[in-house]
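S.K.: This is what each chain is made of:
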Amino acid sequence: MQLENAVTVAAAEPACPVAGGPTDSAAALTAALRTTGYLAGEQVARAAFLAVRMGRPLFCEGEPGTGKTALAQALAQVLGAELIRLQCHDGIDASQALYDWDFPRQLLHLRSLEAAAGSGQDRLDAGVVEASLYDRRFLLARPILRALQTSPSVLLIDEVDRADDEFEAFLLEVLSENAVTIPELGEVRAATPPLVVLTSNRTREVHDALKRRCLYLWLDHPDVTREVEILRSRLPGLPERLAEQVAAAVHELRDMDLIKPPGVAESLDWAQALLLVEATRLDLDSAAATLGAVLKYREDAERALQAMRSFLP
Amino acid sequence: MSIPQAAVPSAVHQPRTNPAPTGPAPAGRTADGTVGVLVGFTAVLRHAGLPVTTERVTAFLRAVGEFDVTDRADTYWAGRLTLCADPDDLPRYDLAFETWFDPTITTRMAPPDPERPLPSRMAALTAAPDSPGASGTEPAPEVPVAASGAELLRHQDLSELTAAEREHLRRMLAQLRPESPTRRSRRRRAARRGVPDPARTLRAALHAHGELGALRHRDCSVRPRKVVLLIDVSGSMEPYAGALLRFAHVVTRAAPNSTEVFTLGTRLTRITRELRLRDPEEALRGAATAIPDWSGGTRLGEVLRAFLERWGRRGAARRAVVVVFSDGWERDDAVLLGEQVALLSRLTHRLVWVNPHAGKTGYSPIQGGIAAVLPHLDDLLAGHSLATLESLLKVVRDA
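Chain order of the listed sequences is X and B.
Take the first sequence: its position 117, counted from the start at 1, is 116 in numbering that gives the first Met the number 0, and no numbers get skipped.
Take the second sequence: its position 345, counted from the start at 1, is 344 in numbering that gives the first Met the number 0, and no numbers get skipped.
Source of the hints: derived by calculation from the structure; they are not laboratory data.
It cannot be assumed that every hint is accurate.
[As the list claims (entries may be wrong)] Below are the DMTMM-like pairs computed for lysine to aspartate or glutamate, each with C-alpha atoms no more than 25 Å apart in a straight line:
hint	chain 1	residue 1	chain 2	residue 2
1	X	LYS259	X	ASP99
2	X	LYS259	X	GLU301
3	X	LYS259	B	ASP85
4	B	LYS393	B	ASP87
5	X	LYS259	X	GLU176
6	X	LYS259	B	ASP332
7	X	LYS259	B	ASP87
8	B	LYS393	B	ASP85
9	X	LYS295	B	GLU308
10	X	LYS259	X	GLU243
11	X	LYS259	B	ASP156
12	B	LYS359	B	ASP378
13	X	LYS259	B	ASP70
14	X	LYS295	X	ASP254
15	X	LYS295	X	ASP268
16	X	LYS259	B	GLU338
17	X	LYS295	B	GLU338
18	B	LYS359	B	GLU164
19	X	LYS295	X	GLU158
20	X	LYS295	X	ASP284
21	X	LYS259	X	ASP282
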């Protein structure tokens, strides 16, 4: 089913023991995040620390490629929690986010009950049939329900701005209660509420009622020094000089009024592409050969190549 | 990212009543004086236009409690994470934080006012009590019969109205009933045809004692399509801008969740939030306050680029009906304008350009700006009168 693809479960190994560990202070959390390869600035560290301590969802907004999703992954690893991801899209509804019934199996079950009743002389009791049909074994837990049932867990609700208002209202209910009610089964409440990370690319304004319940984190592109660090920690084989050149060039590109300025994800792709073509330094030739990894508009690529003549060998 | 003086722990963090709480301290345990200062700070922010609610203030106090209350940077981030909700809030927050928590600054103690208020501009459409038109000292062309008067007024140029006519037009605008364009959503609803709906089929079978009856279906639902209004408020559009903002308010109120309104001048201003208010006068006052560049110059190309960067490409303009109200008078290079409109037209479902001059006899779109954008438009409409605005609504509805 198409939906299963939207759900990825990353088995996370606890980086540090949870008690007395990373959630004691913002500094400890920064250090713990660093061991997972996520280099958090003071703002991100404080935000994550507060989200853990206050039990509030973290609402991350920012340019694409500033590490919103990566933050949730790193947090799951640090907390030793399972990462459960819900990718939002236009038209997403409760049956895709929360739970659904396994209708084919229910129908089969119903048929077999009928067949059994047909051979014997008993009539089917509607109440008994219904109870056996809406049994837990026919319940398909979707990401949000799974996050409530799994403890500890980090629930990543990705690109919430792609969903519609009805879905937001529904999300609001789940997030404030940390519980859902399944009419046929009753309430499912989280033993320990999951740490919720919402991301938005600001394609539309998310309702304030939802934001109000969250900590608001605005993510910017990192500065050159941090970007070099990120490149080096994510791509251990990358020579320092090349990392510096890539970071500097990406910063030049970001200042160029491009249609789509490159994010950190793009500079990582670019560095990796340069490694693959076995470039030892960033010059016009290697840049032209790998530019497709960093710029995705023809207009941008043309302008960038023009501009690079001035700052690349 | 640079934080205004926040990275340096500061001794002036007032008032310092108790030593730094060790470990997590709930807000209630913080000294009253500190709570007072913090709550006072949130009041300043509310005044500056941030969405400060009681819930957010409580969260702020809790967040400060989790941190070291005497650490300036901790307080800064505790507030920024709990009290802001939009990137636009961040500069205002920074300014308020700087003023409130730095006693050395005495000149800027007043709550920061983000933009110069220009409320008087909105009076242009409504008759002022002592204006010549309203008092009757100047013979305004009287309308003999109400019905035909209204009909005449519908076709009259918005820039040539007397005060009394504007008042009349205001009421006629309020009576417009704009309908949203629609699109098919991927969200499915119960329907007579479409794909099978196992949930409803099974429930129906249960009601029939397990007998599977007719298959139930569900189909894509129809949702309102986004509408984006971009209104040029530069000097050359000034005679129309007031009426157009009023028109924008009517459209916004009809579908508040799927309409976005921006003004274009020397800079881009989003006035959707203001126009969502029910009362037109209040909404327009708010909008007028928000617009800092009323009847200034035009840098259409650059402002459109700002729109595309901050809103359009992210999704506000994607598959939307975008209506630009402008005479296309471009002070700068028309090439940039042409490029940006080309980009915009690739994102939109339908791009409509409304030019108040287009309805005048003898008009031809040869002027630099409008000539550059013309190849990329779906429609070029006139927008100088109520009747033309009504026909615009039809175009938008059928888009």
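S.K.: Of all the hints numbered above, which does this structure not satisfy? Sort the numbers upward.
M.R.: 1, 4, 5, 8, 11 and 13
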